[in-house]
Amino acid sequence: MELAKVGTEVFVLLSIGLILSILFPLAIALIWKFKKKEPFSTILIGAAIFLLFALILEKTIQSLVISKNFSLGLFLSSHPILLAFVFGLFPGIFEETGRLLAFKTLLKNRKNKETAISYGIGHGCFEAMAILGMTYISYISFACMINSGTFVNIINQVKEKAPDQVGAYYNLADQIAKTSIFLVGASIIERVLAILLQIGLSILVFYACKDKKKFWLFPLAIILHTLTDFTAALNSVKVANFSILELEIIIAISATITFCSAYFFLYKKDSEVQVEN
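The opening residue of the sequence shown carries number 1 in the working numbering; numbering runs sequentially from there.
Keep in mind that the hints were calculated from the coordinates and are not lab data. Bear in mind that the values here come from a model prediction, so they are computed numbers and not experimental data. Fair warning: there could be bad hints in the mix.
[What the hints assert, rightly or not] Below, computed lysine-lysine pairings styled on BS3-like, alpha-carbon distance capped at 27 Å:
id: 1; residue 1: 33; residue 2: 210
id: 2; residue 1: 59; residue 2: 269
id: 3; residue 1: 104; residue 2: 37
id: 4; residue 1: 111; residue 2: 36
id: 5; residue 1: 36; residue 2: 178
id: 6; residue 1: 33; residue 2: 269
id: 7; residue 1: 35; residue 2: 269
id: 8; residue 1: 5; residue 2: 178
id: 9; residue 1: 269; residue 2: 212
id: 10; residue 1: 37; residue 2: 269
id: 11; residue 1: 213; residue 2: 269
id: 12; residue 1: 268; residue 2: 210
id: 13; residue 1: 35; residue 2: 108
id: 14; residue 1: 268; residue 2: 36
id: 15; residue 1: 111; residue 2: 5
id: 16; residue 1: 210; residue 2: 104
id: 17; residue 1: 178; residue 2: 108
id: 18; residue 1: 161; residue 2: 68
id: 19; residue 1: 36; residue 2: 113
id: 20; residue 1: 68; residue 2: 210
id: 21; residue 1: 35; residue 2: 268
Taking the hints into account, I'd like the entire structure generated from these sequences.
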């Protein structure tokens, strides 16, 4: 099967997506830092904790759990709903535990409420830059390979070693070729919503650490994070078939509820208490 060449307009859209995935999160971080005069180190700590707990620890352990080389992985692969739950649970546990440890140790002396949002911005913005940025870099690289003919060589090699994976490569090539303004816009909006969600979760865990009576907010953050990722994972394991728009709406609802609840009932209330005192 011959692959269609990737047009110039697609390269332009992928490049725009890459630029926005880097500049937009960076702009959010810088605007917040200068507007609130917050230590930039808090934002960097949020980014570093995401790197360690999400990209390194979580992904490493999760890959072992779902590996088909072990009985547990084989069991999960035959039960897609449980597999989707694992995909949701791991980010919930690892990222929220990372938040908790950061607020308890590295940020234990930063009690001002802005610390919660600074951390959330660092966590969410770095996630956007890492995930979305790397996706666009990969897509641009694959597009170049498709046009040069080397991508077909890769597919031929896959046919010999893992024929069941060939379809995924053709789907990837088709997805890249069909890149549109809508898809790029949707990916940016999704990351903005994810940043909003991460800020809301950070506020919850911040107050769980600040007030022992509110420690229940920590498991609540895990549950909310798990449910959001679990819903998205249902698509990945083919249990659900949400359209891009439907998935964006689900994420938007989750992010809005989490952020608004945390902001108005915890963050803003804290501000009102300080004014009264």
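For each hint, the structure was consulted:
1. Taken as a hint, the residue 33 and residue 210 pair is honoured in the structure, with Cα atoms around 22 Å apart against an allowance of 27 Å.
2. A threshold of 27 Å between alpha carbons decides the hint, and for residue 59 with residue 269 the separation of about 36 Å lies outside it, so the pair is violated.
3. A hinted pair counts as satisfied when its Cα atoms are at most 27 Å apart, and residue 104 with residue 37 qualifies at roughly 22 Å.
4. The straight-line distance between the Cα atoms of residue 111 and residue 36 is roughly 15 Å, inside the 27 Å bound, and the hint therefore holds.
5. Pair hint residue 36 plus residue 178 does not hold up; C-alpha atoms about 42 Å apart against a cutoff of 27 Å.
6. With a CA separation close to 22 Å, the supplied pair residue 33 and residue 269 stays within the 27 Å bound.
7. As the CA atoms of residue 35 and residue 269 are separated by approximately 20 Å, the hinted pair is consistent with the 27 Å bound.
8. For the proposed pair residue 5 and residue 178, the alpha carbon gap of about 11 Å is at most 27 Å, so the pair holds.
9. Proposed proximity of residue 269 and residue 212 is supported: the alpha carbons are some 17 Å apart, at most 27 Å.
10. A C-alpha spacing of about 21 Å is found between residue 37 and residue 269, which places the hinted pair at or below 27 Å, so the restraint holds.
11. Between residue 213 and residue 269 the CA atoms are separated by roughly 16 Å; this keeps the pair inside 27 Å, and the hint holds.
12. Taking the CA atoms of residue 268 and residue 210, the gap is near 15 Å; set against the 27 Å cutoff, the hint holds.
13. Using a Cα cut-off of 27 Å, the hinted pair residue 35 and residue 108 holds, with the two alpha carbons roughly 23 Å apart.
14. At roughly 15 Å between alpha-carbon atoms, residue 268 and residue 36 fall within 27 Å of each other, so this suggested pair holds.
15. Restraint check for residue 111 and residue 5: the C-alpha separation of about 55 Å exceeds 27 Å, so the hint is violated.
16. A threshold of 27 Å between alpha carbons decides the hint, and for residue 210 with residue 104 the separation of about 9 Å falls inside it, so the pair holds.
17. Note on residue 178 and residue 108: the hinted pairing is violated, with a Cα-Cα distance of about 48 Å set against a maximum of 27 Å.
18. Among the hinted pairs, residue 161 with residue 68 is consistent with the structure: their alpha-carbon atoms are about 16 Å apart, no more than 27 Å.
19. Simply put, residue 36 and residue 113 have alpha-carbon atoms about 11 Å apart, close enough for the 27 Å limit, and the pair holds.
20. Pair hint residue 68 plus residue 210 does not hold up; C-alpha atoms about 42 Å apart against a cutoff of 27 Å.
21. Proposed proximity of residue 35 and residue 268 is supported: the alpha carbons are some 17 Å apart, at most 27 Å.
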